[in-house]
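Asks: Protein chains in written order, with our numbering: chain C, 6 to 307; chain G, 6 to 307.
Just to be clear, a hint being listed does not mean it is correct.
[Unchecked claim] Beta-carbon label-pair distances, calculated as ranges:
hint	chain 1	residue 1	chain 2	residue 2	range
1	C	V128	G	K291	43 to 51 Å
2	G	S160	C	K97	56 to 64 Å
3	C	G287	G	K162	40 to 48 Å
4	G	P9	C	D205	30 to 38 Å
It should be emphasised that the hints constitute simulated quantities derived from the structure, not laboratory data.
The structure displayed is predicted, hence computed values, not measured ones.
Glycine is no exception: its CB is placed at the ideal position from the N, C-alpha and C atoms.
Here is how the chains run, residue by residue.
2 protein chains.
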Amino acid sequence: MKLPEKVIVKEVGPRDGLQNEKTVVATEDKIAWINSLSETGLTYIEASSFVHPKWIPQLADAGTVLEKIKRKPGVTYAALVPNMRGLERALKSDVDEVSVFLSASEAHNLRNINKSIAETYPVLEKVVKEAKSAGKTVRGYISTVIACPYAGPVSPKQVREVADRLFAMGVDEVSLGDTIGASVPADVDRLLDELLPHFDAGKLAMHFHDTRGTALANVVKSLEMGITVFDSAAGGLGGCPYAKGASGNAATEDLLYLFHQMGIKTGIDFHKTLEAAKQIEGVLGKPLKSKQMEIYRSEGGA
Amino acid sequence: MKLPEKVIVKEVGPRDGLQNEKTVVATEDKIAWINSLSETGLTYIEASSFVHPKWIPQLADAGTVLEKIKRKPGVTYAALVPNMRGLERALKSDVDEVSVFLSASEAHNLRNINKSIAETYPVLEKVVKEAKSAGKTVRGYISTVIACPYAGPVSPKQVREVADRLFAMGVDEVSLGDTIGASVPADVDRLLDELLPHFDAGKLAMHFHDTRGTALANVVKSLEMGITVFDSAAGGLGGCPYAKGASGNAATEDLLYLFHQMGIKTGIDFHKTLEAAKQIEGVLGKPLKSKQMEIYRSEGGA
Numbered sequence: 006m007k008l009p010e011k012v013i014v015k016e017v018g019p020r021d022g023l024q025n026e027k028t029v030v031a032t033e034d035k036i037a038w039i040n041s042l043s044e045t046g047l048t049y050i051e052a053s054s055f056v057h058p059k060w061i062p063q064l065a066d067a068g069t070v071l072e073k074i075k076r077k078p079g080v081t082y083a084a085l086v087p088n089m090r091g092l093e094r095a096l097k098s099d100v101d102e103v104s105v106f107l108s109a110s111e112a113h114n115l116r117n118i119n120k121s122i123a124e125t126y127p128v129l130e131k132v133v134k135e136a137k138s139a140g141k142t143v144r145g146y147i148s149t150v151i152a153c154p155y156a157g158p159v160s161p162k163q164v165r166e167v168a169d170r171l172f173a174m175g176v177d178e179v180s181l182g183d184t185i186g187a188s189v190p191a192d193v194d195r196l197l198d199e200l201l202p203h204f205d206a207g208k209l210a211m212h213f214h215d216t217r218g219t220a221l222a223n224v225v226k227s228l229e230m231g232i233t234v235f236d237s238a239a240g241g242l243g244g245c246p247y248a249k250g251a252s253g254n255a256a257t258e259d260l261l262y263l264f265h266q267m268g269i270k271t272g273i274d275f276h277k278t279l280e281a282a283k284q285i286e287g288v289l290g291k292p293l294k295s296k297q298m299e300i301y302r303s304e305g306g307a
Numbered sequence: 006m007k008l009p010e011k012v013i014v015k016e017v018g019p020r021d022g023l024q025n026e027k028t029v030v031a032t033e034d035k036i037a038w039i040n041s042l043s044e045t046g047l048t049y050i051e052a053s054s055f056v057h058p059k060w061i062p063q064l065a066d067a068g069t070v071l072e073k074i075k076r077k078p079g080v081t082y083a084a085l086v087p088n089m090r091g092l093e094r095a096l097k098s099d100v101d102e103v104s105v106f107l108s109a110s111e112a113h114n115l116r117n118i119n120k121s122i123a124e125t126y127p128v129l130e131k132v133v134k135e136a137k138s139a140g141k142t143v144r145g146y147i148s149t150v151i152a153c154p155y156a157g158p159v160s161p162k163q164v165r166e167v168a169d170r171l172f173a174m175g176v177d178e179v180s181l182g183d184t185i186g187a188s189v190p191a192d193v194d195r196l197l198d199e200l201l202p203h204f205d206a207g208k209l210a211m212h213f214h215d216t217r218g219t220a221l222a223n224v225v226k227s228l229e230m231g232i233t234v235f236d237s238a239a240g241g242l243g244g245c246p247y248a249k250g251a252s253g254n255a256a257t258e259d260l261l262y263l264f265h266q267m268g269i270k271t272g273i274d275f276h277k278t279l280e281a282a283k284q285i286e287g288v289l290g291k292p293l294k295s296k297q298m299e300i301y302r303s304e305g306g307a
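Could you build all of it, start to finish, from the sequences and the hints given here?
Replies: Here is the structure:
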């Protein structure tokens, strides 16, 4: 198999993992968890979101979290930013990187952001410009890159157009999200076939949810096509258990098992990551669904 | 992607799925379940095991099950057979196909069969010969083809030697089992690289367990290498929840999602398969762990 020697795993659990959790997590628990994640060898942690607290009350404490975590040298602490108001808050908390976001699907963008895609671009453009002049790097999330819960399949060409606009704004990396976890490797193949002739593979990250158990298969297909950056959440956190369209992220520890067994370096300690998953499981008070956590529990661990 | 037009999915739930279940399933419930599976479009159902009831009490009713199920034309009803005594019982119940089995790992074979691999061959040889002269087809299972719970990694060369012996006995198909669900696509690649120059891809089946969430990724790698026969269990049944080494089989309905989304025909109805999974879930009285069953429950279905 043609595989890279090493990959970068970006931990999105504290943001994408927690944002749909009904159990309110105390600020100090978030901070303690992020501090643990910082000790695993991860080089990237998306710590919170500066979306208006009205929309995501769980992450209303983004500022405090970013200010009080122990910043480990070599780790990039990022946060989601929807607009200039969010950026101001994020800069005040001195995030290392900001993430802007929109959907490849018009229908999903309307429901998620209350704007058309065309109306979203100028908002993001301003945020990117300001963030860059403040010396920050910027990540751009494109969601529903495979399928939209409202409009069905999304064309790779549409994803390319959105990615084009994000890179033109000055975004440093684009993360391609299969938001509802519907994709199979043939979809990934078609998407990357459209994108890779246009963009540097090193500037694209894949962001899979594991709703249908296909996340690792999609990761392997992405690897074989040259992708080396993957988003995941410790414990497979993420998504609402009552919504078909929003199941958990690919679990960081499941990804680590896959990569390490294939001889691909991540620089991340598997056992410390599992410990971090157990830590947030304890806080949430419900069993997390990653395969490695299931093994841990089946061995009598919890 | 280079993918086959169609594949064969072999349902092993009634045997490999149930054999480790602590809840004793009534004979009539097994019969009703197999009758439902027969209506899904499946062409192969491993219905039970003629291993001595002392070892697997759950399947002590193999004879009655095989005799009382409604045989659907076009469906092969198979059963596991360890030795001549088992074969006699199986033939009395008029199975369509018998399955013999051994491990690629000496340590696992000793614990599972109480014999060395060398001591196992003559036993299987006699069974295969007798089954063939009774007009039956024969499947050979090789377990622990990737890793052994007692001895660690298993070499592809060792698997090839065992497969060689099975084909030499007259076995029609060899099913390669990753018994403990430890494999990643790089392992599958190495294994099939060793086997495919020697054996017809159409005579090899892959049998994955999903202990570490890698089953679908392994299936995709196998597909790309030319394999077109896959074992699975409805609901992802199988394995003991208290033993790390024996988690559930790849779930039939999760496999169907993968195949159908990739445009690969199976001839099997997804919804009827999900109904069959719900049926056995109701009998067992515990939530089954396939992703499609999780989606079903998350939608308020159970």
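Asks: Take the hints in turn and mark each one as holding or not.
Replies: Results of checking the hints against the structure:
At about 48 Å, the CB distance of C/V128 to G/K291 agrees with the hint of 43 to 51 Å. Restraint check, G/S160 to C/K97: a C-beta distance of roughly 58 Å satisfies the suggested window 56 to 64 Å. The hint said 40 to 48 Å for the Cβ distance between C/G287 and G/K162, and at roughly 45 Å that hint holds. Checked against the hint of 30 to 38 Å, the pair G/P9 and C/D205 passes, with Cβ atoms roughly 33 Å apart.
The structure fails none of the hints (numbered hints given earlier).
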